[in-house]
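**Student:** Residue numbers (the working numbering), protein chains in the order written: chain A, 1 to 172; chain B, 1 to 391.
Keep in mind that the hints are not guaranteed to be accurate.
[Unchecked claim] Here are the simulated DMTMM-like cross-link-like pairs (lysine to aspartate or glutamate), alpha carbons at most 25 Å apart as the crow flies:
hint, chain 1, residue 1, chain 2, residue 2
1, B, 255, B, 314
2, B, 201, A, 168
3, B, 58, A, 168
4, B, 142, B, 326
5, B, 302, B, 314
6, B, 193, A, 146
7, B, 58, B, 129
8, B, 142, B, 318
9, B, 248, B, 298
10, B, 58, A, 146
11, B, 11, B, 118
12, B, 11, A, 29
13, B, 248, B, 229
14, B, 193, A, 168
15, B, 142, B, 205
16, B, 248, B, 13
17, B, 193, B, 273
18, B, 248, B, 313
Just so you know, these hints were derived from the structure itself, not from any lab.
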Amino acid sequence: MGASVNKTTETAFEPLLQFDMEMEDFLSDWHHCDHVSTYLARMISHNRTDPVRHSNFFSSALNELLEVSFRGGTTDGKIGLAIYRQGATERVQLSFPCPPGQARFYREAVSKTRESDAQARYLDAISNDLAPSRESVLLDLAVNYDARLRLDEDAAPAITLIVDLPLEGMVS
Amino acid sequence: MIAASLPQRFKVDFDPNSQIFSLAGTIRPRSIDEIAESIQALREAIDTVRGVLYIDVKRLIQMNNTAFQAFIRVALDACRERSDLRLIVVTSSVVSWTTRMFRHLSTIEPQISVEVYDSMFYPGQDYFEDTSFIPILRAQTKLTWRHERTILPRHGMRPGIAVADICCGIGDFAVLAQKEFQPSRIVALDHSKPSLAYARKVAAEFGVTGIEYTYGDASEMLLEDNQFDFVSCRHSLQVFNQPELLLKELYRIVKPGGRVYITNEKNSHCLGEPRAQSIQWTYNELARLLTNFEIDVEFGPKSRRYLTDTGFDDILVESFMVTNLDGDPQDFADIIAGWEKMFADMAVRNGEAPEFIERFRQGFRDHIFAALHPKGYAGWPIWAASGRKPL
Ligand SMILES: C[S@@+](CC[C@H](N)C(=O)[O-])C[C@H]1O[C@@H](n2cnc3c(N)ncnc32)[C@H](O)[C@@H]1O
Numbered sequence: 001m002g003a004s005v006n007k008t009t010e011t012a013f014e015p016l017l018q019f020d021m022e023m024e025d026f027l028s029d030w031h032h033c034d035h036v037s038t039y040l041a042r043m044i045s046h047n048r049t050d051p052v053r054h055s056n057f058f059s060s061a062l063n064e065l066l067e068v069s070f071r072g073g074t075t076d077g078k079i080g081l082a083i084y085r086q087g088a089t090e091r092v093q094l095s096f097p098c099p100p101g102q103a104r105f106y107r108e109a110v111s112k113t114r115e116s117d118a119q120a121r122y123l124d125a126i127s128n129d130l131a132p133s134r135e136s137v138l139l140d141l142a143v144n145y146d147a148r149l150r151l152d153e154d155a156a157p158a159i160t161l162i163v164d165l166p167l168e169g170m171v172s
Numbered sequence: 001m002i003a004a005s006l007p008q009r010f011k012v013d014f015d016p017n018s019q020i021f022s023l024a025g026t027i028r029p030r031s032i033d034e035i036a037e038s039i040q041a042l043r044e045a046i047d048t049v050r051g052v053l054y055i056d057v058k059r060l061i062q063m064n065n066t067a068f069q070a071f072i073r074v075a076l077d078a079c080r081e082r083s084d085l086r087l088i089v090v091t092s093s094v095v096s097w098t099t100r101m102f103r104h105l106s107t108i109e110p111q112i113s114v115e116v117y118d119s120m121f122y123p124g125q126d127y128f129e130d131t132s133f134i135p136i137l138r139a140q141t142k143l144t145w146r147h148e149r150t151i152l153p154r155h156g157m158r159p160g161i162a163v164a165d166i167c168c169g170i171g172d173f174a175v176l177a178q179k180e181f182q183p184s185r186i187v188a189l190d191h192s193k194p195s196l197a198y199a200r201k202v203a204a205e206f207g208v209t210g211i212e213y214t215y216g217d218a219s220e221m222l223l224e225d226n227q228f229d230f231v232s233c234r235h236s237l238q239v240f241n242q243p244e245l246l247l248k249e250l251y252r253i254v255k256p257g258g259r260v261y262i263t264n265e266k267n268s269h270c271l272g273e274p275r276a277q278s279i280q281w282t283y284n285e286l287a288r289l290l291t292n293f294e295i296d297v298e299f300g301p302k303s304r305r306y307l308t309d310t311g312f313d314d315i316l317v318e319s320f321m322v323t324n325l326d327g328d329p330q331d332f333a334d335i336i337a338g339w340e341k342m343f344a345d346m347a348v349r350n351g352e353a354p355e356f357i358e359r360f361r362q363g364f365r366d367h368i369f370a371a372l373h374p375k376g377y378a379g380w381p382i383w384a385a386s387g388r389k390p391l
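Could you put together the complete structure from these sequences and hints?
**Tutor:** What follows is the structure, given as structure tokens:
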């Protein structure tokens, strides 16, 4: 994994699992997004207060992230996924190779999720757009899952999305 | 009625009579084209209705943004075109993301409202979700378990299998079953938050791990199809006003070849000596009283019919009698004392006369008297039945 994460937070987050796959294989079947998110969500949720509902909720968020990498990724290299936990929060760290020059679009999309008008932007996107954009998917995570997103570009041309999902508290 | 069954475990349905358009299952298309038929179905449903269209997403397990945006696009456009149209989206309190995602629609479009389906969905619910019900469940399972631990293997319970206990109450049965039969997985579902909180607390205190307690509505579960080898539903079909709905769900989640195991009572057959007549009178009245709450405590012997009608085969039915001689007679007396209080409250709620209530209570006291009497005998009969989902 090409990500370097802020050391202080990294020590506080306990690793739950790590998964990687050749991008070429991953991109060979759209259903990988659904299967991987369902399977991994179940694995990491078994010791949550309400494993069934946590898993459903988590899978929903993780699938969106995987779909982003499916739609935006390139075949050279690997997709890497690591999940960590700290208290009621899971951290998803997703790296994938993307075409040169694309990183800045992710950077912009991620930074919009942290702005005060994130909700307004999200509402605007879902009321007007025919299909979701990369930006509205990330806004969805921020608005509907209370996710906090960051982008790590240290391993260019691969990018790493770091997404903290405080779902445990929302489920129970 | 149109029904389009698509790949991706997804179902779309429109019932023009009730004006309900429902989306169920998992839908994660790569592009809108894959769901064009369903989108068209929504358009047609909107064209058909006058006034209100209900969009029921209670059983929607997963939907990606691609599908979400495509469906809401149709809904929003329709509202803009037709000022007479009202859309009511019904989400479930169980599926966390649906309510969070769909709630925005009412902000965007005043003709759309979002309702969360949850409380007061069956008439006896108040009583079964009250904390005062917890000690009753505790006492009941303590006594029924002595019988059921030997009965269960005949109905398909064995080590290493995937088990679900639906309407688990405070979860004692799940704990006992886990200890005795070591299933590979055990899910325990109930709609009572106090009971689940209690179950989790007990599990934590006793270091019990691995039981997946989950909040849910047994008539619309988040659990996927064909997942369990053994599904139990104890003393609960009888309290729910639509047992056939619950049975359909139990059937859905059990694997082909797996078994669904149900226990139910026939309370008018509760008995005791001495004071048999007073006891008999009270339990006859109890069965009658509870019909006002759409609770059928005479369900036990109907198990065979219900299981058959749901589609199960290889049906087994047996009955057993919990008695004061099973162990400490005080345990039996504790159950009856709990019943007296709970059912007397229900009689009051039902507007029964004070003289009735006094006589009604007396029967329970006499049952306790019989249970604790040195030469007495007191019994509570239960029907255990199971059926196999055909391969
Ligand atoms: C009589 S209690 C039996 C509990 C437990 N099986 C036992 O034997 O101790 C009935 C249980 O069914 C639950 N229940 C009833 N209808 C339900 C539904 N639709 N979904 C989930 N739970 C339900 C109630 O909350 C209650 O805990």
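**Student:** Next step is simple, just say for each hint if it's right about the structure.
**Tutor:** Hint check:
{"no.": "1", "hint": "B:255 <-> B:314", "verdict": "holds, 15 Å"}
{"no.": "2", "hint": "B:201 <-> A:168", "verdict": "holds, 17 Å"}
{"no.": "3", "hint": "B:58 <-> A:168", "verdict": "holds, 21 Å"}
{"no.": "4", "hint": "B:142 <-> B:326", "verdict": "holds, 10 Å"}
{"no.": "5", "hint": "B:302 <-> B:314", "verdict": "holds, 16 Å"}
{"no.": "6", "hint": "B:193 <-> A:146", "verdict": "holds, 24 Å"}
{"no.": "7", "hint": "B:58 <-> B:129", "verdict": "holds, 21 Å"}
{"no.": "8", "hint": "B:142 <-> B:318", "verdict": "holds, 20 Å"}
{"no.": "9", "hint": "B:248 <-> B:298", "verdict": "holds, 20 Å"}
{"no.": "10", "hint": "B:58 <-> A:146", "verdict": "holds, 22 Å"}
{"no.": "11", "hint": "B:11 <-> B:118", "verdict": "holds, 22 Å"}
{"no.": "12", "hint": "B:11 <-> A:29", "verdict": "holds, 22 Å"}
{"no.": "13", "hint": "B:248 <-> B:229", "verdict": "holds, 16 Å"}
{"no.": "14", "hint": "B:193 <-> A:168", "verdict": "holds, 16 Å"}
{"no.": "15", "hint": "B:142 <-> B:205", "verdict": "holds, 18 Å"}
{"no.": "16", "hint": "B:248 <-> B:13", "verdict": "holds, 18 Å"}
{"no.": "17", "hint": "B:193 <-> B:273", "verdict": "violated, 38 Å"}
{"no.": "18", "hint": "B:248 <-> B:313", "verdict": "holds, 14 Å"}
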